[in-house]
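In order, the protein sequence lines correspond to chains G and R. Number 667 in our numbering belongs to position 236 of the first sequence; there are no gaps in the numbering. Number 501 in our numbering belongs to position 70 of the second sequence; there are no gaps in the numbering.
Be aware that one or more of the hints could be misleading.
As the list makes no split between identical chains, a pair holds if one copy fits it or if it spans any two.
Result set (EDC-like, lysine to aspartate or glutamate): computed pairs, CA atoms no more than 20 Å apart in a straight line [unchecked claim]:
id: 1; residue 1: K481; residue 2: E439
id: 2; residue 1: K733; residue 2: D744
id: 3; residue 1: K700; residue 2: D744
id: 4; residue 1: K540; residue 2: E801
id: 5; residue 1: K577; residue 2: D458
id: 6; residue 1: K644; residue 2: E722
id: 7; residue 1: K468; residue 2: D667
id: 8; residue 1: K673; residue 2: E611
Hints in this document: simulated from the structure, not taken from any laboratory.
Number of protein chains: 2
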Amino acid sequence: MAAAGEAEIPSKRIILKDYVTGFPKEDDMVLTSCTSKSKVPEGSKAVLVKNLYLSCDPYMRAGMSKPIPQSYATAYVPGSVQPSRLARTARGLFVTLLLQAIIGYGVGKVVDSGHPDFKAGDLVWGITGWEEFSMISMPQQLIKIKYTDVPLSYYTGILGMPGLTAYVGFHEICSPKKGETVYVSAASGAVGQLVGQFAKLMGCYVVGSAGSKEKVDLLKNKFGFDDAFNYKEEHDLNAALKRCFPEGIDIYFENVGGPMLDAVLLNMKVHGRIAFCGLISQYNYNLTQHEGVHNLFCVVTKRIRMQGFMEPDHKHMYPQFLELIIQYIREGKITYVEDVAEGLESAPSALIGLFSGRNVGKQVVLVARE
Amino acid sequence: MAAAGEAEIPSKRIILKDYVTGFPKEDDMVLTSCTSKSKVPEGSKAVLVKNLYLSCDPYMRAGMSKPIPQSYATAYVPGSVQPSRLARTARGLFVTLLLQAIIGYGVGKVVDSGHPDFKAGDLVWGITGWEEFSMISMPQQLIKIKYTDVPLSYYTGILGMPGLTAYVGFHEICSPKKGETVYVSAASGAVGQLVGQFAKLMGCYVVGSAGSKEKVDLLKNKFGFDDAFNYKEEHDLNAALKRCFPEGIDIYFENVGGPMLDAVLLNMKVHGRIAFCGLISQYNYNLTQHEGVHNLFCVVTKRIRMQGFMEPDHKHMYPQFLELIIQYIREGKITYVEDVAEGLESAPSALIGLFSGRNVGKQVVLVARE
Numbered sequence: 432m433a434a435a436g437e438a439e440i441p442s443k444r445i446i447l448k449d450y451v452t453g454f455p456k457e458d459d460m461v462l463t464s465c466t467s468k469s470k471v472p473e474g475s476k477a478v479l480v481k482n483l484y485l486s487c488d489p490y491m492r493a494g495m496s497k498p499i500p501q502s503y504a505t506a507y508v509p510g511s512v513q514p515s516r517l518a519r520t521a522r523g524l525f526v527t528l529l530l531q532a533i534i535g536y537g538v539g540k541v542v543d544s545g546h547p548d549f550k551a552g553d554l555v556w557g558i559t560g561w562e563e564f565s566m567i568s569m570p571q572q573l574i575k576i577k578y579t580d581v582p583l584s585y586y587t588g589i590l591g592m593p594g595l596t597a598y599v600g601f602h603e604i605c606s607p608k609k610g611e612t613v614y615v616s617a618a619s620g621a622v623g624q625l626v627g628q629f630a631k632l633m634g635c636y637v638v639g640s641a642g643s644k645e646k647v648d649l650l651k652n653k654f655g656f657d658d659a660f661n662y663k664e665e666h667d668l669n670a671a672l673k674r675c676f677p678e679g680i681d682i683y684f685e686n687v688g689g690p691m692l693d694a695v696l697l698n699m700k701v702h703g704r705i706a707f708c709g710l711i712s713q714y715n716y717n718l719t720q721h722e723g724v725h726n727l728f729c730v731v732t733k734r735i736r737m738q739g740f741m742e743p744d745h746k747h748m749y750p751q752f753l754e755l756i757i758q759y760i761r762e763g764k765i766t767y768v769e770d771v772a773e774g775l776e777s778a779p780s781a782l783i784g785l786f787s788g789r790n791v792g793k794q795v796v797l798v799a800r801e
Numbered sequence: 432m433a434a435a436g437e438a439e440i441p442s443k444r445i446i447l448k449d450y451v452t453g454f455p456k457e458d459d460m461v462l463t464s465c466t467s468k469s470k471v472p473e474g475s476k477a478v479l480v481k482n483l484y485l486s487c488d489p490y491m492r493a494g495m496s497k498p499i500p501q502s503y504a505t506a507y508v509p510g511s512v513q514p515s516r517l518a519r520t521a522r523g524l525f526v527t528l529l530l531q532a533i534i535g536y537g538v539g540k541v542v543d544s545g546h547p548d549f550k551a552g553d554l555v556w557g558i559t560g561w562e563e564f565s566m567i568s569m570p571q572q573l574i575k576i577k578y579t580d581v582p583l584s585y586y587t588g589i590l591g592m593p594g595l596t597a598y599v600g601f602h603e604i605c606s607p608k609k610g611e612t613v614y615v616s617a618a619s620g621a622v623g624q625l626v627g628q629f630a631k632l633m634g635c636y637v638v639g640s641a642g643s644k645e646k647v648d649l650l651k652n653k654f655g656f657d658d659a660f661n662y663k664e665e666h667d668l669n670a671a672l673k674r675c676f677p678e679g680i681d682i683y684f685e686n687v688g689g690p691m692l693d694a695v696l697l698n699m700k701v702h703g704r705i706a707f708c709g710l711i712s713q714y715n716y717n718l719t720q721h722e723g724v725h726n727l728f729c730v731v732t733k734r735i736r737m738q739g740f741m742e743p744d745h746k747h748m749y750p751q752f753l754e755l756i757i758q759y760i761r762e763g764k765i766t767y768v769e770d771v772a773e774g775l776e777s778a779p780s781a782l783i784g785l786f787s788g789r790n791v792g793k794q795v796v797l798v799a800r801e
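The task is simple: from the sequences and hints, build the whole structure.
Below, the structure is given as structure tokens:
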């Protein structure tokens, strides 16, 4: 129930200083002190959430760039262009309140609610701010957390957007069949580790690539991939794929783009399928600077299907997905590795680490324990 | 019925002199005199065909290159590497007989048959040699011509491989819906002119591009495209597409590749579809030299489906296709423009003309009138 109180509590948030070009740096973001309302304003249907976990996802790089028509995500509002910034000298406190935090997926606990579907104490996941408290003005996008016998952070990963991404990407987009060969790039990441496990559960032969020995070991020993390789140690990606797939690839789950895609195209089988989930190797370049892909003629000769997809188109599948996956987790059929950074202040470093592959598993930021 | 006679008749054929690198030239091929058996050898199930029309198709460029694993077509056997060539000095006549003609689609008349499905006088279309007479050793790939109230040459085009290509490419691969926007490149060619007309029949808004004013006029005035442009006169393909499709493109029928594809990706709508039929702009380069495509990230953000296809996978649809199209032709609902070169000797020039866009409409070679 919304309360009339307009009291404020101290909070902290992370803002983007200015639009980023090229690789983002930790100090492109800054932790600022601010205040948060302690209650939802009377008459509002907003929900006030205390953030517990924040998710670091590659798509967030798009939000750090100047808005362009072909972008992946709505651009964040950096401090440099916030209208309130202009008024800073005159009305300092007011300015601080209006500065917008970076936004992304997170897990939180409802502190106060003006919306009938939520009440104080509810655990929720969805789009929130990179801050201690967030006033969610469109709470209909929040999902109430149903199962708490798993780590709450899982709702930023296996039980959240990356989990549904992996599920629909593999099962709906790749049209997999038992016995087929599956290649996953960025295979130890938030999505890749799940795609590999889904493919194994289906009876496919699965190979993954990642950027370190530690990750390759995870793929083979923890996630049960049939084979894996460190792409940074292969001077010839085409040869690496031929070694792993002497008969060719039926399904490629594309997370990286660029030269890897070119090598994959040479190794696809006839009637192969490529699910375009993301192209993380290219996110720090403008679209026109993306590395050229030269082997698209294979799409004709091999009658390949390349299909882009995004999780929001498939949200309606979340309930059935959740029931299936929670069961898999409980039965030990699927495992999930997270890389948890502690404290809101560690979030900028955790986010930029995605682009150099520093994270091992799903990158999460712990903001507060319940 | 196969006859015992081993008599020979004078014939002519076109052979590839040697594997081609880069743009093919007319004198990469040569017209040679030879002889042909006048009857099918006794006991053979072959069919002897007198060739009437030969088809010039872009995919044939692949057959002119040194064989590579990713090729579009079986390489032709050029004179330079035919084993018989080695024995030339010693056994000149025998050599000439074994030299293999360029092969491709054609229309012919059965002269003699060892196969129960064919008899002398039958009109057929299918894979044949670039020669006056061809001994077809696998006649099961030949199709008997059912309707002769249309030009026989149509069986190299609208009623042959390009026709079925256009039909399955548009109706099966593009998943078109009434009212959608459709863009066709190489739109006045053997396939493109049909795709545009199929799309109009379906109630789509159709724009085509081609390489001359004459072709653009054909698109607008003969084939009923809603709009068309000469890509050679546009210094900015992205701007040209934005002008023609202010709301974006639902369906792109891809015949050319390279920079055109990059421009199209920027202009596709969300959930758009791209049928990869061919990439003629790239055929004279080795695969690794194909121009890089930079805008593939649009495949993710717009959830685009790109699907390669080839007509042979869809041969089972030919009978239903034929009945539909013959009716359309008779009712004047579909028209077809051919560019007919006269004489076998004109075939090399006709074929290489495809790669500079010299042909206006489907390129055919008339070898002999019935």
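Here is how each hint holds up against the structure:
In this homomeric assembly, K481 and E439 come within 20 Å of each other (Cα to Cα) only inside a single copy, at 14 Å, whereas the closest approach across copies is 93 Å. For a Cα distance limit of 20 Å, the shortest separation of K733 from D744 across copies, 11 Å, qualifies, whereas the shortest one inside one copy, 28 Å, does not. Taking CA atoms no more than 20 Å apart as the test, K700 paired with D744 passes between copies only; the shortest distance there is 15 Å, against 28 Å inside one copy. Taking the closest pair of Cα atoms, K540 and E801 come within 20 Å of each other only inside a single copy of the chain (8 Å); across copies the shortest separation is 84 Å, beyond that limit.
For a Cα distance limit of 20 Å, the shortest separation of K577 from D458 qualifies neither inside one copy, at 37 Å, nor across copies, at 74 Å. When the C-alpha separation of K644 and E722 is checked against a cutoff of 20 Å, the pair qualifies neither within a copy, at 26 Å, nor between copies, at 34 Å. Neither within a single protomer nor between protomers do K468 and D667 lie at most 20 Å apart by alpha-carbon distance, with minima of 56 Å and 52 Å respectively. In this assembly of identical chains, the alpha carbons of K673 and E611 lie at most 20 Å apart only when taken from the same copy (16 Å versus 41 Å across copies).
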